[in-house]
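Residue strings, one per chain:
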Amino acid sequence: MIGSLTQRQLRAVKQICWTLALCVVAIPFVFPFLWMISSGLKGPSEIFGQPSLIPTSFRWNNYLEVFNYQPFARQYFNSLYIAVTVTLLTLFISSLAGYALARLRFAGAALVALFLVSALMVPEEVTIIPNFFLIRWLGLSDTHWPLILLPVFGSQGIVGTFLMRQYFLALPKELEDAGKMDGLSRFGVWWRIALPMSRPALAAVAIITFLNSWNLFLEPLIFISSLEKFTLPLALSNFTDPYGSPLWHLQLAATTLAVLPILMVYLIAQRQIIESFALSGVKG
Amino acid sequence: MTARDERAPWLTLKMREAMEAWLFISPTLAGFLIFFVGPLCAVVWYSLTEWNLLSQQSVFVGLDNYDDALFHNLDFWQVVRNSIVFAIGLVPLNMALALALALALSRRFAGVVFFRTVFFAPVVTSAVAWAIVWKFLLQGEAGFVNQMLAGIGIHGPNWLREPDWAMVAVIVTRVIKMVGLNMILYIAALQAIPRDYEAAARLEGASNWQIFRMITWPLLGPTTLVIMVITTIGSFKVFDHIYLMTGGGPENGTLVLAFYIYQQGFQFFDVGYASALAMIMFVIVMGLTVVQLALRRRDT
Amino acid sequence: MKSVLKSITLSMLALGMMSSALAAAELRFTVWTGNEAHLAMLNGIAESFRETHPDVTVRFETIPAGDYTQKLTFQLAGGNPPDAGWMMEDAASTFANAGVLEDLAPTLNAAEGYDLADFSEPAMGLWGADGKVWGVPFSTSPFVIFYNKDMFDKAGLEDPLALAAKGEWDMETFQEVAKALAEATGKWGFEFKDGQGYDTRIMHALMPPIRAYGGDVWANQECGFDKPEAIAAVQQLHDMTFKDKSIVPPGENGDYFSGNSAMTINQISRASLMPDAGFNWGIAPLPTGPGGEAPVIGQAAIVVFTAGRQKELAAAFVAHMTNEANVAKMAQFFPPARNSVLSSEAFTASNNLIPAEQMEVVGNAIANGKVLPSHERSPQLLAAMKPRVDALWRADANVEESLKTVCAAIQPLL
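Chains A, B and C, in that order, give the protein sequences. If you want the numbering used here, it's the position in the first sequence, counting the first as 1, plus 756. If you want the numbering used here, it's the position in the second sequence, counting the first as 1, plus 1. Under the numbering used here, the third sequence has 355 at position 358, and the numbering climbs by one with no breaks.
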């Protein structure tokens, strides 16, 4: 009796030690967020003053200045609508292709799959220069088109395709066969039966695609040059005054504005989001 | 004649299915050809020219760009070395930390959800934001990291100003950013391992370490391979992180291939040379992937 | 399904329309200022252009200064060229050499009452050759010392302007004063331009002292960093940074405008920040050295792009923008290069932040100064220099050796 009690106590102590250790490891994961929020409220000289997480005075004004300094609301909207467009298009295109690869028999299916997978191995820096000229040839420089087309048809779309394919493979075929009996076309089966059953996979593709587009940096850097067409990551990297010197406090306030909403959504839906990524990696 | 009539619809059905398949896959395939295959062929051609981005004039120069990179350029080999050091630093650190965290968080205990959420949070955060904040935290004397180190009596280096420390800094901050992804992949794989294996081993008196060594680790093999390939390729793709934290400096200490391509092509207008670099990068990444896959296959 | 497809198609169309649609006679003009006063002035100039060109509007497009040249490159190379725009001096030779800048001489010479010869000759040096004019400088801004009067008073020191008046403001005094200031105030004595002397502004950090010592970074295709003058100058900066600890070292922050450094080097446009700084301040010339007085000028010009569709119109607008009246108007923000405007009393009174006697410092510097070096391969030069100059900024660096490495790296490019 006594022995088992001490063993339970021992286990509790062990657990507390583990938790403490994890807390220490967690510091570099959490601290940047706290520091970012706090410094976004400081004045320019205080950011490098005494290290303190609590500003001496809260400069809420920083948040207003962000919007005065550049068309930040517009840039926010750009990021949002581009990410939504990319997500919708990717869902559409990759679930179609994923369905074909999973369900339809055709000569060359394996070869197509192999080709698509091999594209995932190639960093986009390899093809960025020809793509730059391609976009110029299409007359789409300094528009949002490349930020939509390149991810949808690039590795993001391919990841989506394979995620969908894997999910369709695991679905029972019977319902679809029944649908075909009822006279649905192939497209109808896909739209009416297969898609509604694959909500988890669609959600996973949507989450990953949205975040990827939202955080895209190299493509906007190269293709977008007017301020009002910037996306958020580009806008964040660009807080310099008219003479080129950095405006740290505004940059941090803007970064906070860009990061917090995503973080909030993440905290609310963390389970779903983490699972989406787990799904993508296993299939990758 | 009648037999043929019966067979005909069956044939067309098969053809019909194939046609539908190609139709379904055509948007993806078209995009793939236009935005990937085409450019990949183009980059081979570009790499054989001398092409000024600004004046738009190009001349065929054969293998000059490769010759220049491999034998004459002062920076090229340092850049390759940096990219490899970056990968060698990042991949094992990332995987070891991911596995350790996954082992700690694959059991149920109070707070496990909290910790998973915390370790995964940087993954959903924009790399730009992450780099910006760490750049501030890693400033010299006045940076928060060094202030904290000073608090426990350590005189921290001037992180982003000394080439070796800057490399350490970009690797570690990148690992913190991305380790959550590999962690959850490992957690998923760990949870898929049947409990009975462990229970049986315990009955035979195996220690924790033995269980890990003999059961868990071998069963994680396929996951480890996937993670290793993904992380290695990912380490060559890193651009924004370097661009914003160090700009390739100091003393070119963190100048990696992805950034070097951008610099040569878009800042120095040297499209031909940048394309040759892109080809070299392609070969390196493909080579590494093949080697990793082959090594694994021999292992198992 | 149909509705989904339809809405996707519609949003695509909307997207497409957002990006096209250029009015017939609209000039796109890129600038790096987002400052409202600057833009109001520019729009005023565009408005007055309509007197002669009634249906022409000019749209000023702001590109952040930090990335200006890079973004401009993307626009030009991406087939989306602006009609005209500002250009920084370090990009001048590269762009002119690539043939993307339009020769403005025919338009300017033909413009009524336009006297091209009124522009001071050194100021035009970068922007033309053999009778061709690639750009018209609108800002010829000398580097001056900004000082924090309060910190000088606290340390009980004479300020640089007073020292300069007595003829004692030289590199040696500069070092002593900076050291005394750092010791007396516990802050920094001197900060490089905008705290970026180790990053994006290597040239602005090294150039003025090297010239004060009588050297140059390069001249006649020969590297000057390893000449004795340059070595002595850089050695002094190195000593100040690591021995005296009076210059803000790499990786630290000692922002002058927040009162953390007693002096900095910058251009007078920066005076616009001073009313908010919360301390008394002044400007003084750069310290003299063994090479005598050596003012350094930073420049920016207005250019027209050959790839633009409305070159003639754009050139006509540049002629209008840089006529005498408009140059005088712009002088309130950007020091002019027209002799007639420089010599006018209106110029010394033009900047309401800077007293007339200090504005004379500015005027003198413009008249005698040398512009920052430019080179047709300046991006490559800077990139080749950067890692080698990084090595210089270590406490234990051997200055002479480091500078020799710099020369070894850039000489082939010169």
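If you are wondering where the hints come from, they were derived from the structure by calculation, not from laboratory data. These numbers were taken from a predicted model, which means no experiment stands behind them. Every residue gets a Cβ at the ideal spot worked out from N, C-alpha and C, and that includes glycine. A portion of the hints provided could be inaccurate.
What the hints assert, rightly or not - Output of the computed footprint for chain A on chain B, the stretches with three or more beta carbons under 8 Å from beta carbons of chain A:
1) 55 to 61
2) 81 to 90
3) 162 to 169
Claimed, not checked - List time: in silico DSBU-like cross-link candidates among lysine-lysine, alpha-carbon distance up to 35 Å:
4) K985/A - K146/C
5) K242/C - K136/B
6) K15/B - K985/A
7) K929/A - K15/B
8) K129/C - K146/C
9) K242/C - K367/C
10) K136/B - K163/C
11) K129/C - K151/C
12) K308/C - K136/B
13) K151/C - K176/C
14) K146/C - K136/B
15) K163/C - K240/C
16) K367/C - K184/C
17) K15/B - K936/A
Structure-based check of each hint:
Coverage of the stretch 55 to 61 of chain B by chain A is violated. Counting CB-CB distances below 8 Å, 0 residues qualify, and the rule asks for three or more. Counting residues of the stretch 81 to 90 of chain B whose beta carbon lies closer than 8 Å to any beta carbon of chain A gives 0, which falls short of the minimum of three for the stated coverage. Counting residues of the stretch 162 to 169 of chain B whose CB lies closer than 8 Å to any CB of chain A gives 0, so the stated coverage by that chain is violated, three being the minimum. With a C-alpha separation of about 43 Å, the suggested pair K985/A and K146/C falls outside the 35 Å cut-off, and the hint is violated.
With a C-alpha separation of about 23 Å, the suggested pairing of K242/C with K136/B holds against the 35 Å cut-off. Straight-line distance between C-alpha atoms of K15/B and K985/A comes to about 48 Å, which puts the hinted pair past the 35 Å bound. The suggested pairing of K929/A with K15/B holds, with an alpha-carbon distance near 18 Å, which does not exceed 35 Å. Distance hint between K129/C and K146/C is unfulfilled; the C-alpha atoms sit about 46 Å from each other, more than 35 Å.
Simply put, K242/C and K367/C have alpha-carbon atoms about 30 Å apart, close enough for the 35 Å limit, and the pair holds. Simply put, K136/B and K163/C have alpha-carbon atoms about 44 Å apart, too far for the 35 Å limit, and the pair is violated. For the given pair, K129/C sits about 53 Å from K151/C by alpha-carbon distance, which is inconsistent with the 35 Å threshold. Taking the CA atoms of K308/C and K136/B, the gap is near 43 Å; set against the 35 Å cutoff, the hint is violated.
Proposed proximity of K151/C and K176/C is supported: the alpha carbons are some 14 Å apart, at most 35 Å. Straight-line distance between C-alpha atoms of K146/C and K136/B comes to about 32 Å, which keeps the hinted pair within the 35 Å bound. Between K163/C and K240/C the CA atoms are separated by roughly 28 Å; this keeps the pair inside 35 Å, and the hint holds. The suggested pairing of K367/C with K184/C holds, with an alpha-carbon distance near 32 Å, which does not exceed 35 Å.
For a cut-off of 35 Å, the pair hint linking K15/B to K936/A stands: about 15 Å separates their Cα positions.
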